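The numbering used here puts the first residue of the sequence shown at 1, with every later residue one more than the last.
Rather than coming from a laboratory, the hints here were simulated on the basis of the structure. Just so it is clear, the structure is predicted and the values come from calculations on it, not from any experiment. Possibly wrong hints are sitting among the right ones.
[What the hints assert, rightly or not] Simulated pairs of lysine-lysine, BS3-like, Cα-Cα distance not exceeding 25 Å: (1) Lys13 x Lys3; (2) Lys13 x Lys23; (3) Lys3 x Lys18.
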Amino acid sequence: MRKWYQDLLSKEKGTVQKDWGGKITVCLIFPNHYWVGMSNLGFQIIYQLLNSFPDVVCERAFLPERELLEEHQRTNTPLLSLESQRPLSQFQILAFSLPYENDYLNLLRILHWGRVPLRSG
1 MRKWYQDLLS KEKGTVQKDW GGKITVCLIF PNHYWVGMSN LGFQIIYQLL NSFPDVVCER
61 AFLPERELLE EHQRTNTPLL SLESQRPLSQ FQILAFSLPY ENDYLNLLRI LHWGRVPLRS
121 G
């Protein structure tokens, strides 16, 4: 599973890897597959903009492909961010890009698979 993430990152240009120490952590989530999200210019701009702040770490997460989702379920692993493969629940802020109405239900799926409660006290 982690190899899948690392292989994907190795093919990218413009990936930002930052140390988490003392920074605000944001996971920017696109509620569709990687290829759909990365073809969205607005999503790419927000990712670069958030990472331009020295006190912010912004990583990305996407709706997993079927094979990757099956691996997550088989190993009982929550959905992970792309850059550091951290669970979504470890981020201080979860930010969603929702350009298409058809992706609204995927947002709920991602929260469920990421083990992020809809309500917390």
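So, going through the hints one by one against the coordinates:
{"no.": "1", "hint": "Lys13 x Lys3", "in the structure": "holds, 18 Å"}
{"no.": "2", "hint": "Lys13 x Lys23", "in the structure": "holds, 23 Å"}
{"no.": "3", "hint": "Lys3 x Lys18", "in the structure": "holds, 19 Å"}
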